[in-house]
Every structure is written in C-alpha cells, then in structure tokens.
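So the protein lines, in turn, are chains A and B.
Each residue of the first sequence is one higher than the last, beginning at 1 in the numbering used here.
Each residue of the second sequence is one higher than the last, beginning at 1 in the numbering used here.
Just so you know, these hints were derived from the structure itself, not from any lab.
None of these values were measured; they are calculated from a predicted model.
Cβ atoms here follow ideal geometry from the backbone N, Cα and C, with glycine treated the same way.
Keep in mind that the hints are not guaranteed to be accurate.
[Said to hold, decoys possible] Below, simulated EDC-like cross-link-like pairs (lysine to aspartate or glutamate); rule was C-alpha separation at most 20 Å, straight line:
1. K71(B) - D83(B)
2. K244(A) - D214(A)
3. K723(A) - E124(B)
4. K723(A) - D123(B)
5. K92(A) - E158(A)
6. K570(A) - E584(A)
[What the hints assert, rightly or not] One-sided excerpt, in silico: chain B residues whose CB lies under 10 Å from chain A:
7. F103
8. R117
9. H121
[Unchecked claim] Chain B residues, not near chain A, derived (Cβ > 10 Å throughout):
10. K4
11. G11
12. K12
13. P13
14. E19
15. A48
16. N62
17. I63
18. K71
19. L116
20. H118
21. Y119
22. E124
23. G140
24. N143
25. A154
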Amino acid sequence: MATPYIGVPVQRREDLRFLTGAGNYTDDLTLPHQTHAVFVRSPHAHARIRSIKLERARAAAGVVGIFTGADVAAAKINGLPCGWLITGNDGKPMNEPAHPILALDTVRHAGDGVAVVIAETLAQARDAAEQVEVDYEVLPAVVDAVAALAPGAPLLHEGAPGNRCYTWDIGDKAGVDAAFARAAHVTTLEFVNNRLIPNAIEPRAVNASYSRADDSYTLYVANQNPHVERLLMCAFVLGLPEHKVRVVAPDVGGGFGSKIYLYAEDVVLTWASRQVNRPIKWTADRSESFLSDAHGRDHHTKAQLALDKDGQFLALRVNTTANLGAYLSTFASAVPTILYATLLAGQYATPVIHCEVTAAFTNTAPVDAYRGAGRPEATYVVERMVETAAREMGIDPAAIRRRNFIRSFPYQTPVALMYDIGDYEATLDRAIELADVAGFATRRSQSQARGKLRGLGYACYIEACGIAPSSVAGALGARAGLFEAGEVRVHPTGKVTVFTGSHSHGQGHETSFAQVVADRLGISMDDVEIVHGDTSKVLFGMGTYGSRSLAVGGTAIIKALDKVVAKGKKIAAHLLEAAETDIEFADGQFKVAGTDRSKAFAEIALTAYVPHNFPHDKLEPGLNENAFYDPSNFTFPAGTYICEVEVDPETGAVNIERFVAVDDFGNIINPMIVEGQVHGGLVQGLGQALNECGVYDSASGQLTTGTFMDYCMPRADDMPSFKVATHGTACTHNPLGVKGCGEAGAIGSPPALMNALTDALGVADFAMPATPQRIWATLQSKQQRKAA
Amino acid sequence: MTVKVSLTVNGKPAAAEVEERTLLVSFIRETLRLTGTHVGCDTAQCGACTIHMDGQAVKSCNILAMQAEGKSITTIEGIASADGTLHPMQEAFRQNHGLQCGFCTPGMVMSAIDMLRHYPHPDEATIRAELDGNLCRCTGYHNIVKAIQAASQASA
C-alpha cells in the first residue's frame, strides 16, 4: 500500500523548475518569426480623439503593422462582455456600455488603449509607438464614485445616465427600519475601502499566433482560466470558431484575480496575429500594469448596527457606493453585490439586514475581483462595526461576538446564503489562547512605560468560496454556470494523468491534486501527473478564482476517479470471475469481498488496454473517465484573527507585534501549502490596511500611484511572522470535506489590524491605509486638542 | 548602433553583437535565452531580475549589457551543481515552501545567497531588512525568511 498523502505536508513538485529557472512563463516563450507589440495608451483620463496620424510611425524601422480603433470597428469586432447581469431594484437590467478593445473616438481612463504598434523587435515597436500622433480634445474627468453620481458630473457613457451602472439591494428594508426603531444602541460608521492594485509580480503577457496552414490560432496568455478566456473571445468578441483556437496559460506568476478577465490586449493580439500573419508578443511593463490591470475594492460605505441593551444585534443597515472604473470588466458587476452584500451576516445571527449598492462609472481603470472580491469589503464593514459597538457599549469585544455567534447549522442568513457548518466559538477560543490575550493588559502597560501605544483587535470573518450552485448563480444573474471539469486518464501501465479545469498560478495544484488522486487510487504520487492550463489538453474548465479549485475542481476529479474505480470493478469482476457487486476497492487493490483474491490497480489498467476476451457487449476497453461537478452550495471557511500593534507616537510607525490566524478550512490536503496561502493572504490584507492605496488625482484624473515608488507594496521589513493554526469542521457537501483557503487572509486581516490600531490610538475610526504620516498627524491634532 | 559584448555567463564565455541600449536583463533573456531571470517592474524596485555580477547581487534591469563587458555573471540557471544537486539556498526554499508562483523566486534566491555572504548568520530582522529590494506578492515573506534562516544554519 502507498503512503497516505492527504493531510501530509508533501513538498511541492512545481518547485524544482521554479528554483532552477526552468519555469515557462508567457514572456519566456519566443516563437519563430516572433514580432513584438507596444500599445499606444491615452495620457488623459477623459478625452475625445480628434485624429490619429500614423504616417511617421508606419515609416519607422521594423514596423510590421499598426492598428487603431477604426480598424477594429471596420473588422466589426465586438466590445468585451461582462459575465454577470445585475438587475437593479427598479427591475431594470444594469447599464452596460460598450467596452471597445481599442478606443474609437473617446478615451475614458489614463491608459485606455488607442493603438497597437507591431514591429520586428520590442525596441522598434517602442520607437514607432512614440511616432504615433494622437490629437486629443481633453474632457473633464471624474475619478471618485460618489462624485461621479452627483448631478453635473462629467458623463462617461451615453448609455449610462448619471454614470450609474445600477442601484441594487438585498434584504428586508422594512424589517431593518422596524428593528432600528426599538434599538437600545446604534453604532454608525462611514468607511472608504481603499482601491488596491493587484500587482502580481509577473506582469500580464500575451503571445498570439495564427496559422494559415490550418486556419487556427494559438494564444499563450498569463491567465487564470484559459477556457473561459477562449469562450468569451470566440463567442462574444471575435466570432472565431472555438475549435480553431487554442489558449494556453502556462506557468503564471500570480494572479490574485487580476488575470481572470478577458482583456483588450489579448483580443487585439489574437486578431492582429492573423492580419500580420506573424506571432505577436506583448508583455506589460509595470506602469502599464498599474494603468490597465483591473483594480480592486474602492467602496464608500455608510453602515449602522442596531443592538439591544445587552449587545444582541438586532439589525444591520448598509449603503455602499462602488467604483467600477471606466468600463465593466468580466465579473465587475457581481463583486459589490453578489459577492459582497451576501456576506454581511458574517458569523452572527443578525436577524435582519438590508444593503443597498449603487455602482458608478468613473475615469479610472476598471475595478473587478481582487483576492477576496467583495468579501473583504463586507468583512471590513461587519468586523469594524462589531468591534466599535463593543467599545461604545463597554462590552468585551470577544464577548459581544460570542453573544451573537451562529451556533446551529445549517443556518439561513437574511442575505441569501445558507451556511452548512462552522464552529466559530472554537476558532475564537484557540486564537485567544495563541495570542495570549490574557497577557495583553501587562504588555500594554509595558508599552506605555516606553512611551508607546499598544492595541489589540479581533476579526471573526466568514467567506463564501466556490461560487455555486450554477442554478443559484444563474438566478442571481451569472451568464454562465460555475461548475468544474476533470478527467482521469489511466495509462496501460497504471500511471495516471489527470486533467483539471482549475488553473494553478502559485497554489500548488500539481502537488495537492496529485496527493488526492494518489490517495484515492492507493498508488504512489510519483505515478500521478496533473495537467492544467491548456485548452487543447483539458476538456473544459471554469478556472481558478474565489478559492474554488479544490472544493469544485478537486471534486470534479473525485467524481472522475469514482467512475474509474467503478469501471475497474467491472474489469476485476471479469478477471476474477466474480460478481461485480462483490468487488471492493481499497489501498490500490480490487478484491473479491471476503477472499484473498485480488488484482492491483496497475493490473486492471493493463487489462483495460490489452483485453483479449472482454465481453464487449458489457465492457469497453480503455480506462479514461471525465466528470463535471456542479456544487450544491458555497463552502464557508471562517476563522478568528487577532492582531496586536504598537504605535510609536513620535513617528506614527506601526509595528505588528503579534498576528494570530486560526482558520476553519474544513479538511486539509497539504497543510504546508495551506499555511503558505494564509501567509500570503494576510500580507495582502495587511498591505491594504497599512501601505497600499491606488490614488487618482481628482483634477487631472491621473493615476498618481503608478509605480512601485508611489504605490507602497508590502516589503519583508513591513511585515511580521505569523502564528497560524486551523480548526476544521468538514464541509458537508463535497466528498473531500474541503472549503478553500486562498482568500481568507486577505479578508480577515484588514479589520483585525484596524481594530487593533484604533484601540491603540483611542480613536473611533481611522481610514486605510494607516500610513505613519497620517497616524502622526492624528496623534498631533489629538494632543493639540487636549492642550487647548 | 550596435556594440559587441563579451562576458562570462555561468562559467562559460558568451559574446554577442547588441544594440547599445540593450539592458543586461534583455541580453540574458533574449540573446542568451536564459529565461530564469525575470522582469517584474523595469525600474529596479521588485528585484525579480537579480543576478550576480563578479560575485555581487545586482538588478540586471538597471544595467546596460555593455556595462557587463568582461564581467563574470551568474544567473539562477548557474547555481545548482552540474549533476543537478540544488544549491543549499534553492534547497532551503524548497524545504520551507519559500515560493508559490515562482516568479520572484530566482531574484529572491540570488539576493539571499548574496545576503549570507554579508551576514552569514542573520537574525529575522536583518533578513527582513536585507530583503528590502525584492518584492513577493504570494508568500507574505514568512516562509522566505524561514528558508533563509534555514540556509544560514545549514551552512554553519
């Protein structure tokens, strides 16, 4: 019997190639007759294009082709589609203005694509791009969502009056109003959830080629879901025959949501590769990433929590304005609605909730899902409100949470979700113990003695992973079902290749999925290969986002494995001359129950491919099965994070003294990988709280944080080491009992840190990112007020 | 204008005629086809392009190829033994899950090797401070710090 693999911290098989420089990222690939593309981008946030002169650029050395919005329009190429239709509370569909792949007559954000220049070398393409003369008539711009909705704001799209995409709501408004009327206490806060720029370290990259020989296209692209990319591009934008288009997402250097979407550059290059009949490569430089990748967050929210005199939550009222940027990106409309408002119950039995969301177009880069996508914004609202209510009412913040925890499952929230299972008390208890909350008062007075301010904050988050089921997603406006596909190909020698529609761009699926397969088949992990990211190999895939890979993609593989075992039993029954119902499969052996007669998995595999005497009316040769899995519900990871900070009032610097994360991810396949996911998520969340903010100048509409000098990415010396632990309650509706761990860290850490910081500073609220300069200024004005 | 650049790369001589403006990282990636050295920002902020030049860690996106004339450079492809045995730093990253998507990894490993030359037994604060020139978006740095600590102990 092979070693059990599930639950073991197996080292990653991906690592060898990444550690030796043998990775295969999109930009690493150079094709025969390769050309290079550079995009001419708008320097203005909002402008009309009066004219584009290309003569000088066309005459530049090495130019192979130049295309503009006019060429795209002449070729009748559609705009980019949005995958989720939100119906507003007026019953009307959202406003869905066109999203052209190259601007035709108007540019709507700094960095909007105007032309593409293709040349023999990258340097020549850059030189020629500088020769493209665009005459702009600059228009007034608006970058803030609240300002965009105000009367008289500059209008982005004729089809979206007032710059409104939709106003949407969920929950029981009348019930909430009634509950507030009888509340003993009401906590009110107003937040900005700061705009984030994802910044995967690998920039977006595309290498597109066309073959006249068989009229086919191949697109290499740094992308999280190649089949969806192909489907959207073929069916909705270019009208290409899908079977003639291969999309490959090879090694991808991080995504965090930003590489889910079908981007204009991908489509432009695919189309243009046929026009120039050469492969075309484009890799974003970092400034282009800042300007053209989909951003995240950017909410403005007013929230009110009603409580009775004992701190029992009676109702939550939330009103959010969400910035969608200049155009609707692929999932943009769902993020501040379906993925946000449905999470506002958190871990609590708040009886009534109402949330209204208005989404606005602005002259900024499109905003879409970024690690957590809606759930961090919701968790920030809930956990800042709960902590603030506890402080206002003089109740211990842990106690107020315990008083309101959901304790019986399944639990139907007032905002659509049905939690299957959880144990919020257990993760809170464990976190309190690991963080030594009991010793906090002593540590605080020690800090005080050194002239420092110390604070402690909790966040008890919940998230919903693996968007599902398709019928529910469809009812909520999703234009596609959200299932996953898997295929298990057993080779004649008993080795196995597994094809998954999930995509790995750092998550380590090649390892963890192989652990699952080897365990289920009772074979060595060395005999299992995982293949992903290539539409010519994998039958279909919805891809990787929303922490869905193992819960949805893993389950599709399990379903295919079940079919393999079922067929193996048939073959074993034939070989062992037993009834199929008497065959048991365990530890890699097909065995006749109650006997010592058995056949190993590899023997069955070989027999499947070299059958001499199969009863062909009952048994086909071969051992290859595929499955599609549509989950019956979301999974609901949850946990408690406790953060302890020390602030130096002389400088405003924040030091994270302790950070404890206790998560319930259900069953765990590879604890090493899971911990790594938590660490990474935590730093992205703490980066939001302390460092990062995408800022557009309100007058010019320019992105003022357009480089790593201006946009403060968390570096090693900004961050602490973490204490992480898990306490699992197995998911009730997938066979592995798994939930998803990719986004939790980014969801729970911002409120934990801001709760600790506001505790340290003794202020009711503080806006993210809490930079030293802003903290120092706050402390100074507080001191001046005291002195006055 | 082109210029001839001759240098030693991973112990072997290399020479090519390149445009004067060619960056060392482009020379390594495009001319020599050693694609393990990555470009994450083009502005010397992210450190994904870190290599060793005459034994010092440098960001190859901020050096012209012609500045490397006559120098000896080592890239991520050149640090494992000829038989494939990993460098102790590579091994420590693997053992400690110090990488996820792998894109920043070559630069991290090259920086970390250089770090231990300057600080053979660094504490956590030193490691974090010395990693200031390398960005990672996946690992949260926790396991990178652990890996470098482990490598420093392994070489004790």
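Hint check results:
As the CA atoms of K71(B) and D83(B) are separated by approximately 25 Å, the hinted pair breaks the 20 Å bound. In summary, the hint linking K244(A) to D214(A) is supported, as the alpha carbons are separated by about 8 Å, within the 20 Å threshold. As the CA atoms of K723(A) and E124(B) are separated by approximately 15 Å, the hinted pair is consistent with the 20 Å bound. Distance restraint check for K723(A) and D123(B): the Cα-Cα separation of roughly 18 Å lies within the 20 Å cut-off, and the hinted pair is therefore satisfied.
Taking the CA atoms of K92(A) and E158(A), the gap is near 17 Å; set against the 20 Å cutoff, the hint holds. Of the supplied pair hints, the one linking K570(A) and E584(A) holds, its CA atoms being roughly 11 Å apart against a limit of 20 Å. Hint on F103(B) holds. Least Cβ distance to chain A is approximately 3 Å, under the 10 Å limit. Below 10 Å, beta-carbon pairs count as interface contacts, and R117(B) has none with chain A, the closest being about 18 Å; its hint is therefore violated.
This hint is violated: H121(B) has a C-beta 18 Å from the nearest C-beta of chain A, more than the 10 Å allowed. The claim that K4(B) is not at the interface with chain A holds, since no C-beta of that chain comes within 10 Å of its own (minimum 18 Å). The Cβ of G11(B) sits about 15 Å from the closest Cβ of chain A, beyond the 10 Å cut-off, so the non-interface label holds. Once the 10 Å rule is applied to beta carbons, K12(B) is consistent with being away from chain A; the minimum gap is 15 Å.
Against chain A, the non-interface label of P13(B) holds: every CB pair exceeds 10 Å, the least being about 20 Å. With a cut of 10 Å on Cβ distances, E19(B) falls inside the contact zone with chain A, its closest approach being about 6 Å. Distance to chain A contradicts A48(B) as a non-interface residue, since its nearest Cβ pair spans about 6 Å, not more than 10 Å. The Cβ of N62(B) lies farther than 10 Å from every Cβ of chain A, with a closest approach of about 13 Å, so its non-interface assignment holds.
Here I63(B) stays apart from chain A, with its beta-carbon at least about 17 Å from theirs, past the 10 Å limit. Residue-level check passed: K71(B) sits 19 Å from the nearest beta carbon of chain A, beyond 10 Å. In this structure L116(B) is separated from chain A by more than 10 Å, as the shortest Cβ-Cβ distance comes to about 15 Å. With a least CB separation of 16 Å from chain A, H118(B) remains clear of the 10 Å interface cut-off, as annotated.
Distance check on Y119(B): its Cβ is at least 14 Å (rounded) from any Cβ of chain A, clearing the 10 Å threshold; non-interface status holds. For E124(B), the non-interface assignment is contradicted: its Cβ lies about 7 Å from the closest Cβ of chain A, within the 10 Å cut-off. The claim that G140(B) is not at the interface with chain A is violated, since a C-beta of that chain comes within 10 Å of its own (minimum 3 Å). Not every beta carbon of chain A lies more than 10 Å from that of N143(B), the smallest distance being close to 6 Å; the non-interface claim is violated.
Against the 10 Å criterion, A154(B) stays outside the reach of chain A, whose nearest CB is about 15 Å from its own CB.
Violation of the numbered hints given earlier is confined to hints 1, 8, 9, 14, 15, 22, 23, 24; the remaining hints are satisfied by the structure.
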